[in-house]
Amino acid sequence: FHNTDKTFLVWVNEEDQLRIISMEKGGDVLGVFKRLARGIQAVGDSVQAECGKGFMLDEKYGYVHSCPTNLGTGMRASVHIDLPGWTKEGTDKLKARCEELALQPRGTRGESGGQTGITYDISNKHRLGYSEVQLVQTMIDGVNKLYEEDLALQKKHGI
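With the working numbering as the guide, the letters of the sequence shown map in order to residues 31 to 189.
Hints listed in this document are in silico derivations from the structure and should not be mistaken for laboratory results.
Keep in mind it's a predicted model, so treat the numbers as computed, not measured.
Any given hint could turn out to be false.
[Said to hold, decoys possible] The calculated lysine-lysine pairs, modelled on DSS-like cross-linking and capped at a C-alpha distance of 30 angstroms, are: (1) Lys175 - Lys125; (2) Lys36 - Lys118; (3) Lys123 - Lys83; (4) Lys55 - Lys83; (5) Lys175 - Lys83; (6) Lys123 - Lys185; (7) Lys36 - Lys64; (8) Lys83 - Lys36; (9) Lys175 - Lys118; (10) Lys83 - Lys125; (11) Lys90 - Lys118; (12) Lys90 - Lys64; (13) Lys90 - Lys186; (14) Lys36 - Lys155; (15) Lys155 - Lys123; (16) Lys64 - Lys118; (17) Lys186 - Lys118; (18) Lys185 - Lys64; (19) Lys83 - Lys118.
[What the hints assert, rightly or not] FRET-style restraints, in silico, Cβ to Cβ: (20) Glu54 - His156: 18 to 26 angstroms; (21) Leu158 - Ala126: 19 to 27 angstroms; (22) Lys64 - Thr149: 36 to 44 angstroms; (23) Ala182 - Cys81: 52 to 60 angstroms.
Heads up, the beta-carbon is just placed ideally off N, CA and C, and yes, glycines get one too.
Model the full structure from these sequences, guided by the hints.
See the structure below:
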């Protein structure tokens, strides 16, 4: 299910029992996050009105999901970014740097789609033990750092 602009989507019975997605092109992370928060509230209100039940939320562990990698908030904040300098430096070095920044690099074709070209999907690595705001901020700070480093690597490699 999605809105007309396809910036808000709800997947049912995919990897998680319910996946709520907010996305758009550009750099308006705050706008995407606010849309997500409104959407989660609206979906939760709809489920509550339909069956009288709410999302399963544990104070310590966050939302209960069927996918164990998403235990906690389940928040995966990501951006697609071109990193030609890091690509030239090598994907193993990029993965190691992302680890230091609590990030996870993926190809743009999904978790198991592999990497092609210079565009990466960079997201927060952790889901458990942090708030949604902390996870989004980790992604923003880390991506800004990777971009800054990528500019230096482009100069180093003559790109």
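So if I understand the rule, the pair passes when the alpha-carbon distance is 30 angstroms or less; does Lys175 with Lys125 pass? Given pair Lys175, Lys125 holds - Cα atoms ~14 angstroms apart, limit 30 angstroms.
Between the alpha carbons of Lys90 and Lys64, is the straight-line distance 30 angstroms or under? holds, 23 angstroms
Is Lys123 within 30 angstroms of Lys83, Cα to Cα? Given that 30 angstroms is the threshold and the Cα spacing comes to 46 angstroms, the pair is violated.
Pair hint outcome, Lys155 versus Lys123 [Cα-Cα no greater than 30 angstroms]: holds, 16 angstroms
Please check whether Glu54 and His156 have a Cβ separation lying inside 18 to 26 angstroms. holds, 24 angstroms
Compare the distance between the alpha carbons of Lys123 and Lys185 with 30 angstroms, and conclude whether the hinted pair is satisfied. holds, 17 angstroms
Is the straight-line distance between the alpha-carbon of Lys36 and that of Lys64 30 angstroms or less? Roughly 16 angstroms separates the two Cα atoms, so the pair holds.
Assess, step by step, whether the Cα of Lys186 is no farther than 30 angstroms from the Cα of Lys118, and give holds or violated. The given pair, whose Cα atoms are some 10 angstroms apart, holds under the 30 angstroms limit.
For the range 36 to 44 angstroms, tell me whether the beta carbons of Lys64 and Thr149 fit it or not. violated, 26 angstroms
I want to verify a distance hint. Is the separation of the beta carbons of Ala182 and Cys81 within 52 to 60 angstroms? Given range 52 to 60 angstroms: holds, Cβ gap about 54 angstroms.
Hinted pair Lys55 and Lys83, Cα distance within 30 angstroms: Cα-Cα ~34 angstroms, so violated.
Is Lys175 close enough to Lys83, meaning Cα to Cα at most 30 angstroms? violated, 42 angstroms
Hints 2, 3, 4, 5, 10, 11, 13, 16, 18, 19, 22, counting from the list given before, are not met by this structure.
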